[in-house]
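Peer 1: Here the protein sequences line up with chains W and Z, keeping their order.
Residue 83 in my numbering sits at position 83 of the first sequence; the count goes up by one each step and never skips.
Residue 72 in my numbering sits at position 72 of the second sequence; the count goes up by one each step and never skips.
Rather than coming from a laboratory, the hints here were simulated on the basis of the structure.
Any given hint might turn out to be false.
Across the chosen pairs, the derived CB separations fall in these ranges [said to hold, decoys possible]:
1. G191/W with L327/Z: 20 to 30 Å
2. Q170/Z with R107/W: 49 to 59 Å
3. L260/Z with E148/W: 22 to 32 Å
4. H242/W with E183/Z: 56 to 66 Å
5. W330/Z with R3/W: 38 to 48 Å
6. G261/Z with Q188/W: 33 to 43 Å
7. V214/Z with E106/W: 18 to 28 Å
8. R107/W with I334/Z: 49 to 59 Å
9. R3/W with L227/Z: 38 to 48 Å
Residues from chain Z shown here face chain W by an in silico Cβ test under 7 Å; the list is partial [to be verified]:
10. H196
11. F199
12. L202
13. S206
14. Q210
15. L260
From the derived model, a few chain W residues whose C-beta atoms are all more than 12 Å from chain Z [claimed, not checked]:
16. R45
17. G72
18. E148
19. D185
20. R234
21. H242
22. T244
Keep in mind that this is a model prediction, so the values were computed, not measured.
We put the CB at the ideal spot given by N, CA and C, even for glycine.
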Amino acid sequence: MIRAIIVDDEEPARRKLHRWLSSETDIQIAGECADGLSASQSIMRDSPDVVFLDIQMPGLNGLQVAAQLEIGAAPLLVFVTAYDAHALAAFDLGAVDYLLKPYDEERFRRALDRVRDRHHAPEHRRSAVLVARQQTGVSDRLLVPEREGLRMIDSAEIHCLEADDNYVHVHTSDQTYLLRRTLRDLLQQLGEQRFVRIHKSVAVNIDEIDALTPLFKGDYELRLRSGRLLRLSRRYTTELFHRTGG
Amino acid sequence: MAIDPTADKLGRMPQSIADSPPSWSRSPLVWLAALWATLWTLIAIIESAYYIHTPSIPPWQPLTLILSLTGTVGVWLTFELRSARYVRFPLEPPGAWFLHQLRWLPMLAIGYVVIVFGLRHAIFAIAGARYEHLPWGALVPFELVKASIFYCIWLGLVYGTLSLLKSREQGAKLGLVQKALVEAQLSQLQAQLRPHFLFNTLNTVSSLMQVDVVRADRVLTRLGDLLRASLGAGSAMTVPLQQEINLLRLYADIMQERFLGRVQVDWTIAEGVSVVPVPSMILQPILENAFRYGIEQTTGVETIRVAATCGRDQLVVTIHNTGSTLLDCWQEGIGLANCRERLRVLYGDAATLHLSNHAEGGVIASVSLPITGSPE
Numbered sequence: 001m002i003r004a005i006i007v008d009d010e011e012p013a014r015r016k017l018h019r020w021l022s023s024e025t026d027i028q029i030a031g032e033c034a035d036g037l038s039a040s041q042s043i044m045r046d047s048p049d050v051v052f053l054d055i056q057m058p059g060l061n062g063l064q065v066a067a068q069l070e071i072g073a074a075p076l077l078v079f080v081t082a083y084d085a086h087a088l089a090a091f092d093l094g095a096v097d098y099l100l101k102p103y104d105e106e107r108f109r110r111a112l113d114r115v116r117d118r119h120h121a122p123e124h125r126r127s128a129v130l131v132a133r134q135q136t137g138v139s140d141r142l143l144v145p146e147r148e149g150l151r152m153i154d155s156a157e158i159h160c161l162e163a164d165d166n167y168v169h170v171h172t173s174d175q176t177y178l179l180r181r182t183l184r185d186l187l188q189q190l191g192e193q194r195f196v197r198i199h200k201s202v203a204v205n206i207d208e209i210d211a212l213t214p215l216f217k218g219d220y221e222l223r224l225r226s227g228r229l230l231r232l233s234r235r236y237t238t239e240l241f242h243r244t245g246g
Numbered sequence: 001m002a003i004d005p006t007a008d009k010l011g012r013m014p015q016s017i018a019d020s021p022p023s024w025s026r027s028p029l030v031w032l033a034a035l036w037a038t039l040w041t042l043i044a045i046i047e048s049a050y051y052i053h054t055p056s057i058p059p060w061q062p063l064t065l066i067l068s069l070t071g072t073v074g075v076w077l078t079f080e081l082r083s084a085r086y087v088r089f090p091l092e093p094p095g096a097w098f099l100h101q102l103r104w105l106p107m108l109a110i111g112y113v114v115i116v117f118g119l120r121h122a123i124f125a126i127a128g129a130r131y132e133h134l135p136w137g138a139l140v141p142f143e144l145v146k147a148s149i150f151y152c153i154w155l156g157l158v159y160g161t162l163s164l165l166k167s168r169e170q171g172a173k174l175g176l177v178q179k180a181l182v183e184a185q186l187s188q189l190q191a192q193l194r195p196h197f198l199f200n201t202l203n204t205v206s207s208l209m210q211v212d213v214v215r216a217d218r219v220l221t222r223l224g225d226l227l228r229a230s231l232g233a234g235s236a237m238t239v240p241l242q243q244e245i246n247l248l249r250l251y252a253d254i255m256q257e258r259f260l261g262r263v264q265v266d267w268t269i270a271e272g273v274s275v276v277p278v279p280s281m282i283l284q285p286i287l288e289n290a291f292r293y294g295i296e297q298t299t300g301v302e303t304i305r306v307a308a309t310c311g312r313d314q315l316v317v318t319i320h321n322t323g324s325t326l327l328d329c330w331q332e333g334i335g336l337a338n339c340r341e342r343l344r345v346l347y348g349d350a351a352t353l354h355l356s357n358h359a360e361g362g363v364i365a366s367v368s369l370p371i372t373g374s375p376e
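So that you can see chain W by itself, here it is in the shape it has in the complex:
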């Protein structure tokens, strides 16, 4: 069974997809969303296999939704849009399919066949998210869960990132958000400019580093501007000193 989510801010557009998808025996519609933020939430919550994603939407657009997905666990994406040919050209490497509105049933079925073919091929999902990140240049903003919903934070607000199994704690001055992501994926999304690893499971915002105190065996104690104390592992000192010009 392939679980699908439909995302479009126009009701008739959703209805059209719904109609054709629900006539397929191997497709189960897991949800419908009318904007980018609720789509992100629904994808996180329901982990669908495929998302039919409109690009022009209020709030977060379709490309931004894709860019914020966790690379390893992203669903297959089928962009459904009126006129974003230039944006879609980047995806036209077989990584993902797209439907240009208006489309007919035959074109829809072809897209669906590709979804079936790639259902078990994770590399397609990975490259779709990567291309979306390149397209949106998303490193300045991060979508984080907050209470029942989601919110966007500026990556400059982030003090440090702490990995914890399959989760990452995102610390800002007054909040800690828990994301189901790997530290590596998050650093890839946020870009290497702002953040530097100081430990296997910890990365800090370079601008937030306040002081370093040598400990034994080449390790350091690192103090952030917020006062938080962290350990800088010997393995990462070279890179940190290089990046901070020390």
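We have chain W; now place chain Z onto it with these hints.
Peer 2: Then chain Z, alone, in the frame of chain W:
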């Protein structure tokens, strides 16, 4: 009376075609006056032929006669041209224009006789000679009639010249207005064909077709009407407000079908405004903006209110949308700029287009234009 050689360039059209105080250049009139003064000089020479052909009369005498006449006429014409009263009074209807100008005739004719003959007698007296002419009883009526006839001919020439200049200027101005309209149509068409609008509407039809053929048909027909209106609105510069409102309704209907359940559109069109002429396609870009910023970029249920009211001599149309706010760094887009430019070309300062944040939230756009003095 502003005489400005750049007045015919776009951007300095202060008034509507019907009511503009003309901004013709006076230089053709100056040439006309020079020609006229030359004619008078010839007449003066003919008048003083007797003096010229009599050898016993010293040459200063005919010269005095000629110069007193041409000098007086010259001063008179200079005064006439400086006062600009020919151009201050509307050329239409011609009878009224002539009557208006002729009010000055008695004063001018009498002044002419007094000055010309006063000068001549004075100069002759100073030189110790005697200036002989017809007895005053015959001379004065003759000279008054002569001056009047010549003044009427002069006015006829002035009128002809001004009419020619005005029709030329109107032609140029009409060209400008038409150019602005064509630009508006083009940008309108581009907006209409704005790919997102067109393709999403087609997709809506494609979706509706599966479930409700009648509704799909209606959306398709409206899209057709809207495209046709954009293409064909060139035949008239202004249309009755009702026609413009119909266009807005077509657009709003399509958008309501696309954004089903996300937008409510209210119409408050006052009695009696439906026939007021408005520039064609002046309101649609404004409604489009309301949808674009108020509806397409929000997730809630928003409202758009279109209202048209009539003041004593102003028509006011407002389009208010919830769901968006003008930021400080807000900049007007090409659609609005185009509307503003067209209003300025057609009505000058008498029409306004104003966007502001509404007290109860959202953005309100207000178009106000004069009912009287609307363009022909």
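Peer 1: Look at each hint and say if it fits the structure.
Peer 2: Here is how each hint holds up against the structure:
no.	hint	in the structure
1	G191/W with L327/Z: 20 to 30 Å	28 Å, holds
2	Q170/Z with R107/W: 49 to 59 Å	56 Å, holds
3	L260/Z with E148/W: 22 to 32 Å	26 Å, holds
4	H242/W with E183/Z: 56 to 66 Å	58 Å, holds
5	W330/Z with R3/W: 38 to 48 Å	43 Å, holds
6	G261/Z with Q188/W: 33 to 43 Å	39 Å, holds
7	V214/Z with E106/W: 18 to 28 Å	25 Å, holds
8	R107/W with I334/Z: 49 to 59 Å	34 Å, violated
9	R3/W with L227/Z: 38 to 48 Å	40 Å, holds
10	H196	5 Å, holds
11	F199	4 Å, holds
12	L202	4 Å, holds
13	S206	4 Å, holds
14	Q210	6 Å, holds
15	L260	4 Å, holds
16	R45	18 Å, holds
17	G72	29 Å, holds
18	E148	16 Å, holds
19	D185	28 Å, holds
20	R234	49 Å, holds
21	H242	39 Å, holds
22	T244	35 Å, holds
The earlier numbered hint that this structure contradicts is number 8, and it is the only one.
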